[in-house]
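K.L.:
Given next are the chains, with one letter for each unit.
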Amino acid sequence: GENVEQHPSTLSVQEGDSAVIKCTYSDSASNYFPWYKQELGKRPQLIIDIRSNVGEKKDQRIAVTLNKTAKHFSLHITETQPEDSAVYFCAAGNQAGTALIFGKGTTLSVSS
Amino acid sequence: EPEVTQTPSHQVTQMGQEVILRCVPISNHLYFYWYRQILGQKVEFLVSFYNNEISEKSEIFDDQFSVERPDGSNFTLKIRSTKLEDSAMYFCASSFSGLAKNIQYFGAGTRLSVL
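Quick note, the sequences are listed as chains U and C, same order.
This note's numbering applies: residue 1 is where the first sequence begins, and numbers increase by one.
This note's numbering applies: residue 1 is where the second sequence begins, and numbers increase by one.
Do not take every clue at face value.
[Said to hold, decoys possible] Across the chosen pairs, the derived CB separations fall in these ranges:
1) U:Arg51 - C:Asp62: 28 to 38 Å
2) C:Lys83 - U:Ala70: 34 to 44 Å
3) U:His72 - C:Thr13: 20 to 30 Å
[Said to hold, decoys possible] No farther apart than 25 Å at their CA atoms in a straight line, the calculated lysine-lysine pairs in the PhoX-like style are these:
4) U:Lys104 - C:Lys42
5) U:Lys104 - C:Lys83
6) C:Lys42 - U:Lys22
7) U:Lys57 - C:Lys83
It is worth saying that the hints were derived from the structure and are not from the lab.
Using N, Cα and C, we set each Cβ at its ideal position, and we do this for glycine too.
Build the full structure now, drawing on both the sequences and the hints.
P.N.:
See the structure below:
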């Protein structure tokens with residue numbers, strides 16, 4: 001089955017810096033890659049996703065890149081702000097509307 | 001904005017007891033899911049449900065677990081005889097159809113504590 005690895009497990013940056021979180025997946029059939037942000041005690045919130053037919057997607061300060069050949073995808077946050085502090089999870093799935101397989105999460109801390 | 005709602009927010013039970021966790025998916029969604037998250041760990045898939053039947057389940061979803069859509073709005077997860085290791089946050093999720101069917105929206109979760 002699918003296995004998703006996520007690095008780093010913790011990331012500390014200064015406000016205004018960029019943050020990059022990387023994930024790899026194992027199942028070449030996966031073609032949907034969402035990123036969720038989870039604040040303490042709250043639900044995972046979808047922040048951006050990418051499908052296998054594109055290599056990059058951007059939404060304001062957040063971007064995701066996908067390399068299908070290497071089976072890895074990354075989340076890029078620019079101009080980080082303290083409110084970006086949270087746990088970020090990557091996930092992989094396919095278009096059958098079935099399971100999302102999550103990475104172990106990255107705890108991002110943005111200090112002002 | 002429509003949200004997935006889950007009740008209760010916290011459920012405390014004794015080991016061996018049955019629990020039912022309830023979810024109301026977003027109204028026009030067709031796919032429903034349960035995930036769990038043990039404290040400090042990743043979100044793990046349990047089961048997906050479509051057209052009134054299970055479409056996929058993980059190894060975690062053994063005979064102690066069952067799901068049901070008892071009416072047009074609720075989606076439930078039952079654990080027949082709870083174990084200490086069932087203590088976790090349980091998230092319900094739902095998704096629509098077509099190209100959007102893999103965009104899953106999560107509820108706020110039910111924290112299950114098994115004593």
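K.L.:
Give a verdict on every hint.
P.N.:
Quick rundown of the hints versus the structure:
1. U:Arg51 - C:Asp62: 28 to 38 Å: The hinted range 28 to 38 Å holds for Arg51 (chain U) and Asp62 (chain C), with Cβ atoms some 33 Å apart.
2. C:Lys83 - U:Ala70: 34 to 44 Å: 40 Å, holds
3. U:His72 - C:Thr13: 20 to 30 Å: With a Cβ separation near 41 Å, His72 (chain U) and Thr13 (chain C) fall outside 20 to 30 Å, so the hint is violated.
4. U:Lys104 - C:Lys42: 5 Å, holds
5. U:Lys104 - C:Lys83: Judged against 25 Å, a Cα distance of about 24 Å means the pair holds.
6. C:Lys42 - U:Lys22: 15 Å, holds
7. U:Lys57 - C:Lys83: 43 Å, violated
In summary, the numbered hints that this structure violates are 3, 7.
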